[in-house]
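A.B. asks: Sequence order for the protein chains is A and B. To get our numbering, take the position in the first sequence, counting from 1, and add 3. To get our numbering, take the position in the second sequence, counting from 1, and add 104.
Treat the hints as calculated values from the structure; they're not laboratory data. Treat the hints loosely; a few may be bogus.
[As the list claims (entries may be wrong)] Quick list of simulated restraints, FRET-style, between CB atoms: (1) B:I142 <-> A:I29: 47 to 57 Å; (2) A:T202 <-> B:D191: 55 to 65 Å; (3) A:Q325 <-> B:S220: 16 to 26 Å; (4) B:L225 <-> A:M278: 50 to 60 Å; (5) B:S274 <-> A:M278: 37 to 47 Å; (6) B:A170 <-> A:V290: 42 to 52 Å; (7) A:Y222 <-> B:D191: 40 to 50 Å; (8) B:I456 <-> A:V290: 24 to 34 Å.
[As the list claims (entries may be wrong)] Computed list of lysine-lysine pairs in DSSO-like fashion (alpha-carbon distance at most 30 Å, straight line): (9) A:K322 <-> B:K386; (10) A:K260 <-> B:K127; (11) A:K260 <-> B:K365; (12) A:K30 <-> B:K365; (13) B:K360 <-> A:K260; (14) A:K260 <-> B:K130; (15) B:K189 <-> A:K279; (16) B:K300 <-> A:K96; (17) B:K300 <-> A:K99; (18) B:K177 <-> B:K129; (19) B:K177 <-> A:K260; (20) B:K365 <-> B:K382; (21) B:K189 <-> B:K223; (22) B:K336 <-> A:K322; (23) A:K30 <-> B:K177; (24) B:K360 <-> B:K336; (25) A:K260 <-> B:K132; (26) B:K130 <-> B:K360; (27) A:K30 <-> B:K132.
Note that CB positions come from ideal geometry on N, CA and C, so glycine has one too.
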Amino acid sequence: MEEKTKNRFWNGIVEFFKKDLVSYIIKRVLMFIPTLFLISILVFFVIQLPPGDYVTAHIAALASEGEYVDANYAADLRADYGLDLPVYQQYIKWIKDIVWTPTDSAYYRLYHSHHNWKYSFAYGRDVWSVVEERLGLTIGVTAVIMIFQYLVSLPIAVYASTHQYSPGDYITSIIGFLGTAIPNFIFAIILMYLSYKWTGNANVGLFTPEMLQNGIHLYNFGDFLKRMIIPIIVIGTSGTCGIIRSVRAQMLDEVAKQYTLTARAKGVPEHTIIMKYCFRAAINPTVSGLGGVLASLFSGSTVTAMVLNMQIQGPVLFKALQAQDMYLAGAIVMVQAVLVVVGVLISDIALAFLDPRIRYSGGGR
Amino acid sequence: MAKKVKSKDDYYLASQWTLMARKLKKHKLARVSMVILIILYIGAIFADFLAPYSLEEFDPLYRNTAPTAIHTKYDGENVGLFVYKLDKQINKKDFSVTLQEDTSEYYKIKFFVHGSEYKFLGLFKSDLHLFGVEQGSNGGTGAKIMLFGADSLGRDIFSRVLLGSRISLSIPFASAIISFFLGITIGSISGYFGGKVDMVIQRIIEVIGAVPQIPLWMALSAAIPPGVSTIKMYFYMTIILSFINWTGMARVVRGKFLSLKNEDYVMAARLSGVSTWKIIWKHLVPGFMSYLIVNLTLGIPGSIVGETSMSYLGLGIKSPATSWGVLLQEASSVTDVATNPHKLIPIIFVVITVLAYNFLGDGMRDAADPYK
């Protein structure tokens with residue numbers, strides 16, 4: 004019996020990889036290309052927003068600081084940015100430089116990189132090195148917060164839906180909603196204040212000065228974790244409300260369906276009904292919403308990161324936009340948007356794996 | 105028995121909306137939330153009258169003072185609610201200035217007092233305020249009543265919360281309605297026509313959803329010309345918020361359309377030559393209106409919090425206009441919170457409003473659920 008089910012299971016998987024899933028994945032990946040194209044256009048539009056052109060402003064700023072500016076340097080910059088070309092050619096050049104910068108270009112000679120994301124004037128170095136610096140930490144922090152979000156919200160949602168209209172439903176929902184209701188920056192400030200009052204340390208920033216010097220090792224890892232608590236609570240709870248609400252709603256729909264009644268009539272334990280049947284069906288929209296959660300984490304963390312002085316990309320993006328360091332801002336927006344789209348892609352594929360109906364209908368997103 | 109039959113008849117004859125209203129009553133928290141929201145909106149409408157001071161009134165003496173203490177006993181005698189005037193006390197040793205209550209006379213809190221002039225509901229001029237302090241027991245003047253304390257310019261936070269609620273409660277509401285219509289229109293086009301149109305719209309939605317909101321805010325608010333009037337600023341803010349928020353609604357509408365457009369009744373309408381526009385608005389949209397209204401209610405709290413973040417970043421409403429976000433700018437560092445905890449009071453209003461909208465939306469969702 005056991006053997007047979009197992010075989011059927013594996014056969015199913017093999018079958019599934021043969022036809023549906025592969026064609027679904029190919030279709031989904033192909034759809035990724037136009038999205039990427041649109042994102043790049045939007046980013047290019049954001050880059051073009053400030054009035055006047057970039058190089059002239061930069062040269063003027065340098066000159067006003069009393070620095071000597073070589074005429075060749077300005078001309079080189081203009082050529083590198085393609086400022087004398089029409090707008091659509093500027094766009095094409097911008098994309099081409101990002102994808103592949105030839106070895107004989109000035110950029111390659113300076114930075115030894117084939118991907119020219121242009122130059123950040125505020126930081127005085129090439130854009131990619133600024134983006135790269137915080138990319139790993141941004142992804143790491145976001146991933147940890149995301150896991151926390153689901154760990155908190157899923158149990159609350161299941162409890163609230165199985166105890167509808169009980170005091171427990173109301174209390175857990177209020178706790179879940181509170182993080183969304185308090186604006187992030189105020190929540191962060193309040194927690195920092197409480198932390199200072201109780202422990203004498205406001206826990207600002209992700210690293211101590213000592214960590215910045217020596218790096219994170221086993222002996223100071225605990226301290227690093229301590230510094231993660233406030234960001235996790237503030238940013239994590241800001242999204243729990245949405246997840247709780249959608250899972251609770253789905254669960255309520257599922258619990259009321261015929262199959263639940265049948266299972267109950269057949270004597271299946273309540274716990275199994277809820278976890279094995281209802282919850283599995285209810286979690287689908289949550290899986291497909293993963294990309295959206297990721298996007299809201301990137302945006303939601305910016306303000307918090309500014310208040311808490313976290314070394315992630317959000318504040319850099321904000322400052323770049325303020326200083327009109329547009330190529331840096333554009334690169335960060337682009338990287339974050341692509342990460343989100345990849346997240347959506349992965350969650351779509353995961354969903355297709357979980358729910359066969361999706362593959363047949365060609366992805367009803 | 106007869107009564108039971110009648111109630112059954114009632115049930116079968118009731119319209120969808122009556123059924124929803126009945127089910128909504130079961131969600132206690134939703135009912136409470138509705139009452140709270142109604143009170144808040146009434147407060148916003150009559151803010152001029154309810155607030156003892158106007159937006160411009162300030163008293164430098166009262167800078168950063170904690171909520172005014174309200175007393176009832178003067179010289180061991182019960183004289184009703186009253187406050188004392190504050191007075192500067194200079195410490196002769198280090199010349200530090202502290203404010204102390206001047207207990208030589210008391211100022212009774214009176215109802216329907218005359219204060220600064222305003223236009224009641226924008227219709228007629230009035231200077232009547234619900235409560236306030238006028239003259240002291242010995243004929244002195246200059247006492248203030250600041251229930252929530254004062255901000256860094258000596259303005260009454262209570263009045264500003266009330267007057268600010270006009271913007272904070274209406275911008276999200278208006279922008280939710282705009283994004284509601286944008287979402288329905290674009291989502292229905294996408295779902296009904298399908299094919300290439302759907303493909304393009306879906307990619308646009310995906311991109312708007314993927315790009316972090318901050319640059320979108322900054323890009324869009326950079327488009328607001330500097331020095332615009334408060335009313336115009338308000339208008340622009342509404343548009344910005346709705347431009348970012350319509351995508352969720354569009355996605356819901358599209359999903360519903362995909363599942364409904366092949367139903368027989370739509371086919372029948374199409375065969376009888378009903379125009380596409382009419383099929384969308386007359387036959388399809390009413391079928392899931394309840395879901396959309398729920399979505400609408402749930403979109404508002406997000407915008408309320410969004411407005412405060414925008415103001416924190418300095419991208420939103422600017423003084424002299426006031427919103428809750430502008431009030432919270434005063435509490436934007438740990439030092440502010442540590443030295444003047446009363447400046448956190450506006451947050452209570454934000455939290456209550458957001459929670460109320462969420463629970464109301466939840467209750468409406470449960471009510472709109474036909475399986476229950």
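A.B. asks: Now tell me, hint by hint, if it's right for this structure.
C.D. replies: Taking the hints in turn, this is what the structure says about them:
1. B:I142 <-> A:I29: 47 to 57 Å: 54 Å, holds
2. A:T202 <-> B:D191: 55 to 65 Å: 39 Å, violated
3. A:Q325 <-> B:S220: 16 to 26 Å: At roughly 37 Å between Cβ atoms, B:S220 and A:Q325 fall outside 16 to 26 Å, so the hint is violated.
4. B:L225 <-> A:M278: 50 to 60 Å: 56 Å, holds
5. B:S274 <-> A:M278: 37 to 47 Å: 44 Å, holds
6. B:A170 <-> A:V290: 42 to 52 Å: 50 Å, holds
7. A:Y222 <-> B:D191: 40 to 50 Å: 57 Å, violated
8. B:I456 <-> A:V290: 24 to 34 Å: 33 Å, holds
9. A:K322 <-> B:K386: 49 Å, violated
10. A:K260 <-> B:K127: 19 Å, holds
11. A:K260 <-> B:K365: Status holds; Cα separation ~24 Å.
12. A:K30 <-> B:K365: With a Cα-Cα distance of about 24 Å, the restraint between A:K30 and B:K365 holds, given a limit of 30 Å.
13. B:K360 <-> A:K260: 20 Å, holds
14. A:K260 <-> B:K130: Distance of about 21 Å is within 30 Å: holds.
15. B:K189 <-> A:K279: Status violated; Cα separation ~67 Å.
16. B:K300 <-> A:K96: 29 Å, holds
17. B:K300 <-> A:K99: It holds: about 28 Å lies between the C-alpha atoms, which stays within 30 Å.
18. B:K177 <-> B:K129: 45 Å, violated
19. B:K177 <-> A:K260: Violated, because 64 Å separates the two Cα atoms, which is more than 30 Å.
20. B:K365 <-> B:K382: 13 Å, holds
21. B:K189 <-> B:K223: 29 Å, holds
22. B:K336 <-> A:K322: Holds: B:K336 and A:K322 sit about 27 Å apart, inside 30 Å.
23. A:K30 <-> B:K177: Roughly 78 Å between the alpha carbons, so the hint for A:K30 and B:K177 is violated.
24. B:K360 <-> B:K336: Since the Cα atoms of B:K360 and B:K336 sit roughly 36 Å apart, the hinted pair is violated (cutoff 30 Å).
25. A:K260 <-> B:K132: It holds: about 24 Å lies between the C-alpha atoms, which stays within 30 Å.
26. B:K130 <-> B:K360: Holds. B:K130 to B:K360 sits at ~27 Å (cutoff 30 Å).
27. A:K30 <-> B:K132: 47 Å, violated
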